[in-house]
Amino acid sequence: MAEATQEIDQVLKKSYGAGFVTDIEQDIIAPGLDENTVRFISAKKEEPEWLLQWRLSALRAWQRMTEPTWANVHYPKIDYQSISYFAAPKRPEDGPQSLDEVDPKLLETYEKLGIPLHERAILAGVAVDAVFDSVSVHTSFRGKLAEEGIIFMSFSEAVKEHPELVRKYLGTVVPVRDNYFAALNSAVFSDGSFVYIPEGVRCPMELSTYFRINAANTGQFERTLIIADKGSHVSYLEGCTAPQRDENQLHAAIVELVAHEDAEIKYSTVQNWYPGDEDGKGGIYNFVTKRGLCEGARSKISWTQVETGSAITWKYPSCVLKGDDSVGEFYSVALSNHRQQADTGTKMIHLGKRTRSTIVSKGISAGHGRQTYRGGVTIARSAEGARNYTQCDSLLIGGNCQAHTVPYVDVKNPTAKLEHEATTSRIGEDQLFYCRQRGLSEEDAVSLIVNGFAKEVLKELPMEFAVEAQKLLGVSLEGAIG
Amino acid sequence: MLKITDLHAEVGGTPILKGLSLEIPSGEVHAIMGPNGAGKSTLSYVLSGREGYEVTSGSVTLDGVDLLALPVEERAAAGVFLAFQYPVSIPGVSNLYFMRAALNGVRKQRGEEELDAPSFMRLAREKAKLVELSPELLKRSVNDGFSGGEKKRNEIFQMALLEPKLAILDETDSGLDIDALRVVSAGVNGLRDPKRSMLVITHYQRLLDYIVPDRVHVLVDGKIAESGGAELAKQLERDGYAEHRSPAA
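Those protein sequence lines, which keep their order, are chains A and B.
All residue numbers for the first sequence refer to numbering that gives the first Met the number 0, where the first residue is 0 and numbers rise by one.
All residue numbers for the second sequence refer to numbering that gives the first Met the number 0, where the first residue is 0 and numbers rise by one.
Next comes chain A alone, as it looks inside the complex (with noise of 0.2 Å):
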């Protein structure tokens, strides 16, 4: 301890004259990486050896690799060394005190999308009672997932109270060095969730990262870890449809779930990030790496995502079929308007026998959208028997925006069956005015058609995130015509 004390003097001295954003509450460091700031984070965070050890050998990894250009979007340089790779958590009295003061703009576009009154403080960061009110329902949350033996809590806290687990997977779905940005995450990860459900154990509700918004400032670097032991089911939902800004310009998470024999794992995501302004100036970066590992035989991972924030988004939910008869499933919509870039698929990689997987992916792009589906399905020689079926649809809206279908496959083993279906259309002109000609608005025409477009991903939600999915499609493609 008193060495990591050393070395957080020693940061921070160093970095005093290279400015701190702060230098009275010294909460942020300074921008730059290297081994220092990465010490200094596994310091801060009160980390065991081991883990600042692991940190490391990812910061070694990052250093010799070479960010990615292989993907089809475009943006300017990004320069590493300007990033401030730790900000503490921030305290109630740095957010706005009132809904009075914030963005009305924000709030109109809650009261549109329907999030209830006590949710709107809280997202908008508002340090009011509603906060306490989610502290509490937080805890008797915990309290009863306690019960039964399940483990819900936030990434820092499991390295705490459950070292062995966090230990025993951490790396073993996504290595450091598996690819720029993971190598990165695993060296600077700042917060994100662990999740354990035990054995034979039926997760009693939906987890989701709402009831930890206050719990930590995960920031831009998450890590989250999900573990389904043998014959138990879970339910995540990660994200909101409430458009989420932050200061931090890259995001490049990780989240990595491991599902034993017999066990399910339903990972929902609904991520609507600041997309930048109509020109793109100012949107997300997001750079996230998410894979799942099917362990065990018969086990069965299944993503779903909606996609609509972010200036970029670069991300591609993968299973790793590695249980005998195991199940992967990827349902995604990504929408893309204005100058948005999003390319974004799956990876289903079968080495068991019998392994089944689905891929369902929406396009939708509108503006100067740009929209790329980027999957992979590889059959290994072991996998005996293995059956994928891909359907990507994408649709148009507007003469100005892209979208781009990019399935590799590899086949190894004669005995696999593999479909894959596409389709690209376009709203029409005649869909709008037989819409309008029934009395719908022009805005709400384009909502319903998008949304019938996306219905089968749609229904893959759960039943409240669903609802609020389908209103999201029909704000973020406000404007997107005439």
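No wet-lab data here; the hints were simulated from the structure.
Note that the coordinates shown come from a computational prediction; the quantities given were computed from them, not determined experimentally.
Here a beta-carbon is modelled for each residue, glycine too, at the ideal position from N, C-alpha and C.
Heads up, some of the hints might be wrong.
[What the hints assert, rightly or not] If the Cβ cut is set under 7 Å, some of the chain A residues that face chain B in the computed set are:
1) Leu395
2) Asn399
3) Gln430
4) Phe432
5) Arg435
6) Phe452
7) Lys454
8) Gly473
9) Val474
Got chain A sorted already, so can you dock chain B onto it with the hints?
Frame of chain A, contents of chain B only:
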């Protein structure tokens, strides 16, 4: 009552309607017949306000309301309904969901209260009987994978729900076999109403055996060339449009 006065309209700079005048009193059914390219479908789109159909002069009022000043959906709320020649499909959107959104959209614009789901369901089931539309079809995506007959029956079902003041039927008979034609016509006849004007656009007299019009108008080269009673349709069926064609055409 629909009142069209000296209507001129063009599509892509080409004049199509050239001084069309027509009055359809409430409670009456008028048929418009005419050769290909006379402007029949253009008339239906101009009345409903489709983009690309430019009115250059003239006026159109429905019960005194200036239709030309309104965008498409407000005309719908004012009581204009167009039964499409080629109904459009909307994959993934159930017929019932669509029609509830449409009906409530119209009611909202009229300042009426929106219908809740159970009341709407009752209404929809009742109206579906009129054109023998099966409950299963109501749940399917709008016109997606519907047969020609199902599509047209669905149009009349929608019309029954929306209860328009002006119903325009654009070649509703096209693509219908004789049984479907009977069902659709019976549906339309069931919707005749003292407060409703109907405009039936067709190529063939056949439809008018089932939907007997109060007046028949012959549209040639963007103008009404002749008007008469139901017997005019039979005469056209026999003699064709030759005598109505302008020498230039």
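So, going through the hints one by one against the coordinates:
no. : hint   : verdict
1   : Leu395 : 15 Å, violated
2   : Asn399 : 19 Å, violated
3   : Gln430 : 5 Å, holds
4   : Phe432 : 5 Å, holds
5   : Arg435 : 4 Å, holds
6   : Phe452 : 6 Å, holds
7   : Lys454 : 4 Å, holds
8   : Gly473 : 12 Å, violated
9   : Val474 : 16 Å, violated
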